[in-house]
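**Q** Top line first, the protein sequences correspond to chains A and B. All the letters of the first sequence, read from the start, carry residue numbers 1 to 370 under this note's numbering. All the letters of the second sequence, read from the start, carry residue numbers 371 to 765 under this note's numbering.
I should point out that these hints are in silico values taken from the structure, not numbers from a laboratory. It is possible that some hints are incorrect.
What the hints assert, rightly or not - Just so you have them, the derived chain A footprint on chain B, three or more residues with Cβ under 8 Å:
(1) 423–435
(2) 556–563
(3) 597–607
Said to hold, decoys possible - Footprint (simulated), chain B over chain A, 3 or more residues, beta carbon under 8 Å:
(4) 149–158
(5) 183–194
(6) 231–239
(7) 317–327
(8) 334–341
The beta-carbon is built from N, C-alpha and C at its ideal position, and this holds for glycine as well.
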Amino acid sequence: MIAFYAVSNAPQTSSGSEPVQQRSIWVRLWRIRHNYLFRVVMQGLLTIWAVTTLTFFMIRQMPGNPLDTKIEEFVTRRGLTYEEAYRAAASLFSFNPDEPIILQYTEYLGKLIQGDLGLSITKSGVSVTSIISHYLPWTLFCIGLALVISFSLGVVLGLAIGYWRGSWFDNLITGFASIISGVPDYIIALLIILVFGVQLQWFKIGQMRGGVDPTIPPGFNMPYILSILQYALLPIMIYVLSSVGSWILAMKSSTLSALGEDYIVVAQARGLSQRRILAGYVGRNAMLPLITRLAISVGFVVGGSIIIEQMFQYPGLGNNLYVAISERDYTTMQGIFLVITSAVVFSNIFADLAIGWLDPRVQLDEENNP
Amino acid sequence: MIGLETVATATGLIIGIICGLVPLGAGIYYKKIRVGIGGFIACMLSGFACNFLGGLPMIALTYSVVLSYAYVNRQDPFTSRMALTEVTFEESRWEQFQRRMANLGNGTRTSIRALVRNKAGFVGFLGLVFFFVVLTFGPLFIKYDGQTHTDRRAPGALALVAPPSAEFPLGLDWKGRDVLSHMVYGGQKLIITSIEAGLIATLIAVAIGSVSGLIGGTVDQLLSGIANLILTIPTFPLLIVLAALVKFDSNFMLAVLFGVLNWPPLMRAVRAQVLSLRERDYVQAAVALDLGIWHIITREVFPNMVSYIAVNFIFTVRIAMYSIVGLVFLGLVPLAEPDWGVMIYTGRQQGVLFLPQAAGMLLSPIIAIALFQLSLVLFSRSLEEIFNPRLRSGL
């Protein structure tokens, strides 16, 4: 960060001695790439590689490998002898557990550089890329929509209770937010299922599994879309309930600190309308610290919420990761870990860039204390 | 850590009473009978609950409180820290010790006042006390009931679960066992594992963070790099992967795993704090006065970080509990009954989630976990006031 601002400010600070030269946009882009973005992206790639390596060796330390789990399944479920089960399982997988782990690793990295995530071990003939591209949209839709709802709700409510602090509305919302933010999401999910599903029978829980009603043929038509929305409703509601509290509280404290600034007093003295002060002066400034958090959350959206997706059997990436872990499907696990890590790394980079762009004070501060 | 699980016993009561004699005696000697009796009761209860583990620290605490009453009311000028350093050389070891204790007692009293003053925090504290009392004293009154009550099955019913009744206040679980006894016996391990996990994460974070901030240079870069690396890993999935390595019933391993994966956020905050505190005037003054690194760390730097670390510790405990129950919920760690998480897991696994009469079995652990987490959140607000030196001096 420091290096970035110091360098990006360099043309401005040195402009006093020599006449300012009009540089083309490409030259500027080149400089930024050279100085900051390039370095940060390189750092990000290094992080992704390190995490990939770490997870590669970590998941191979788990007891049991895909072959063993499958053999066990055959022995217990189908009553085969061990020999038969071994042959049946080995013919299913293109995976040799006796191969030296270093060889597996170099092979994996070599393929990864070419953009090939390999084949799934337990689902024969299916590539990891196709698994991810099949499940990722569900997670992005469900958790992404939930994040948007909970962020906007949190910002609006937090701004309101920060501005009218001390009112009954503030007490109510703050109490609600601190209670709801303290309760784990799966506990909220269970409570909703138990209270509204089982006791009050408002909806049928048994039918709310999966991502869409399987009887409706897929296509871009109303019933299909409605069915998707209907099935996503509960997970979205639970995600919003479990995360909105922390957004509200963060926005409230951010609003309170923004309200103490001089420019608010000036704006009030100028007789600006309350609405304009609230939206243009308080809200915009108070939202800045939340942007970073939002970007980081966006990164973690990709991973979905394992427990919630597993509970509702939602066909998202989180649930698929859970299945892959329990089946010891090494390649799929690695693929999903890779996607999540990349998303987190790049959304972090994006957050840094966005804050530098949105908030001119960040640059000023860095200039004053290098 | 095995010794941390605790149940109230008769020997504990005796230990508590013996421990309580110290503050009681001090109270009589200094003519502060009421405070002495209060100290006696506090010692007795904590000894009753936790044997030596609760009794011995409580002696120090209650004795110091008694002393602080005695010293303050005598208009003793030495309880303030500045005066303490002036007279250190003229008094005997014993007097010095007494003054130290009185000082500690004053601190304890301010802490208690700060705790009571913040209403939300006090409610959270009461919630935690409630859980502590139920989990340690509950076993005195309720025997663990692991047998199946097949005879209680309602005529014609297929499942053994039963709604709450007079005999079983929280109903029967899927195997026809008493839910209440499972609730009383099943929480301690979970809570202690979460606290251990939070403690390990906090210790790692504080150690690495302060080393990183104080030494700086290459060490700092390396440690910060590791922290950033761990921050980008999706923690919960990795915890699932690692939890497969945990052997049956070794909750401490689980706590260690959690700690290893969850120290980076606090570490970065501690590092930033150390870096900024290092430049403050009073720390610079202490350095200029050559007060010694130990004095600077314990007297100047640490008090300013304690409240932040304490609040963060509580939050880490919360996340630890979330993760551990989540792992159990997914059935990914070895299960040992009785346990709140296992109750939810088996409830789901056995399909009783959808039976209306199973509400007692499922709602009890769910509500218990939710309430415990809520108490932690509320309590953390008080903690900030208790440990913040500025807020304290303003009292």
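**Q** Now tell me if each hint is right for this structure.
**A** Quick rundown of the hints versus the structure:
no., hint, result
1, 423–435, "violated (count 0)"
2, 556–563, "violated (count 0)"
3, 597–607, "holds (count 7)"
4, 149–158, "violated (count 0)"
5, 183–194, "holds (count 8)"
6, 231–239, "violated (count 0)"
7, 317–327, "holds (count 4)"
8, 334–341, "holds (count 4)"
Hints 1, 2, 4, 6 from the earlier list are contradicted by this structure; the remaining hints agree with it.
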